[in-house]
Every structure is written in C-alpha cells, then in structure tokens.
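Visitor: Going down the list, the sequences are from chains A and B. For the first sequence, my numbering gives the first residue as 1, with consecutive numbering after it. For the second sequence, my numbering gives the first residue as 1, with consecutive numbering after it.
Keep in mind that the hints are not guaranteed to be accurate.
To be verified - As a list, the in silico DSBU-like pairs of lysine-lysine whose alpha-carbon atoms are at most 30 Å apart:
no. : chain 1 : residue 1 : chain 2 : residue 2
1   : B       : K70       : B       : K96
2   : A       : K57       : B       : K26
3   : B       : K108      : B       : K56
4   : B       : K69       : A       : K57
5   : A       : K57       : B       : K108
6   : B       : K96       : B       : K69
7   : A       : K9        : B       : K96
8   : B       : K70       : A       : K57
9   : A       : K57       : A       : K9
Treat the hints as calculated values from the structure; they're not laboratory data.
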Amino acid sequence: DSGVTQTPKHLITATGQRVTLRCSPRSGDLSVYWYQQSLDQGLQFLIHYYNGEERAKGNILERFSAQQFPDLHSELNLSSLELGDSALYFCASSNHKDRMNTEAFFGQGTRLTVV
Amino acid sequence: SQQGEEDPQALSIQEGENATMNCSYKTSINNLQWYRQNSGRGLVHLILIRSNEREKHSGRLRVTLDTSKKSSSLLITASRAADTASYFCATLQGGKLIFGQGTELSVKP
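Only chain A is shown next, with the shape it has when bound in the complex:
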C-alpha cells in the first residue's frame, strides 16, 4: 500500500459528460502529480501541485483542470469528455524534502471509460 488513495477506481461515463477524480496523498506529502496512461501514449504528465499551488503543467487539455485543496487532497476535473479520454489516470505524491530525493508514490489509478 503506497498510502496514496484514488477514488473512484472505475468510472464509466458518456461522451460530453464531466467527471471528477480524487486523490489523497500520503500523509505529509505536499506534492501531487497527475498522469494519464493510455496504450498508445504511455504515461503522460498532466500537472503538478505543490502545497496548493500549481507547480508545473504538462500536456493537459484545456478541458481538463485540477486543484489542490488546503488539506492537500487534489481533484482532477475532466469535462466535455471524448472517447479518446478513456485511460488510466494516476496521481502520485512526493514530500520533496530536498531536490535530491524526489521519489513519488503512486495511487492505484482511476480507470475511466468514455462510451
């Protein structure tokens, strides 16, 4: 058990809909990363939050947004869903005590299926 909790585990929704994925990081970790993993695109970095603030952005679509709350949990919002958004979505957390030690702990992912 990594200590990172993602909900829900599975989500099936229709095109055009909006969903929210939730991530609770390990206790004490200030950083949360979000990733999208599909068969043809590999593990794509979406966004990184550190202590409530956006730290870095990757190839995240404008239809997607994220935030990190004061209690450090994070949510990834996906709207106007398309079939191609079907993928595994992972979050990971890290404590970033120093720049030399940045190992990340992953949740088990949310499998999103858009039909």
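Using the hints provided, position chain B relative to the given structure of chain A.
Guide: Showing chain B alone in chain A's frame:
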C-alpha cells in the same frame, strides 16, 4: 516531450537470466529514478540514483548512471517470473516528473 527513453521496448527472458534495461535522457538531472508497473496497476518506486553517484544496488537490482552520456541502466539479476512487469525511468525537470515509454519485461518460468 518525454525526458527518458527506454531501450529495449520489450524484453523476453527465461527465469534465472539477467535483464538489462537502458534509459537515456536529454537534460541535466539531480537524480534518476526507476519504477515498476504491474499490468494496470500503480507504479512502484524501485530505486533512485543521484547525479553524483555512478552505481547503486538494492537487492537483485543494480542501477548505473553515466551523466556524460546522459544514460542509465537497470540490471535485474537472477530474474523470476514475478519480475514480469513494465519498467520505467523517470527524471524531474522544472517541476515535471517525466517518465519514459518503459520496457516491458517478460520472464518465462
């Protein structure tokens, strides 16, 4: 763009053999990490090697880092069927923890 690129993309070996995977990256790093992913599950951190280290061991894992060539290798010795998984290298650049495309390792009993 991806920071780390793994080679080979797929590797199939017999139990007991050694498996070597390589990773190349593009810019300077503070450290390089290796992760393992069983099919459809979350990634698990295996080992981190700092930029001032050349080699690191953890159990049956041996990682090397050559910063002059911007490359790293992961060696799994005496492989077991349970080592079957995908292996990824990752580097942190500007707040982005970027993963390579991974090497899919299959260990046949």
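Visitor: Decide, hint by hint, whether the structure agrees.
Guide: Now for the hints, and whether the structure bears them out:
1. B:K70 to B:K96: 18 Å, holds
2. A:K57 to B:K26: Within the cut-off at roughly 19 Å; holds.
3. B:K108 to B:K56: 27 Å, holds
4. B:K69 to A:K57: Distance ~28 Å between K69 (chain B) and K57 (chain A) Cα, so the pair holds.
5. A:K57 to B:K108: Given that 30 Å is the threshold and the Cα spacing comes to 40 Å, the pair is violated.
6. B:K96 to B:K69: Holds, at about 22 Å.
7. A:K9 to B:K96: Between K9 (chain A) and K96 (chain B) the Cα gap is close to 25 Å, so the pair holds against 30 Å.
8. B:K70 to A:K57: 24 Å, holds
9. A:K57 to A:K9: Roughly 24 Å between the alpha carbons, so the hint for K57 (chain A) and K9 (chain A) holds.
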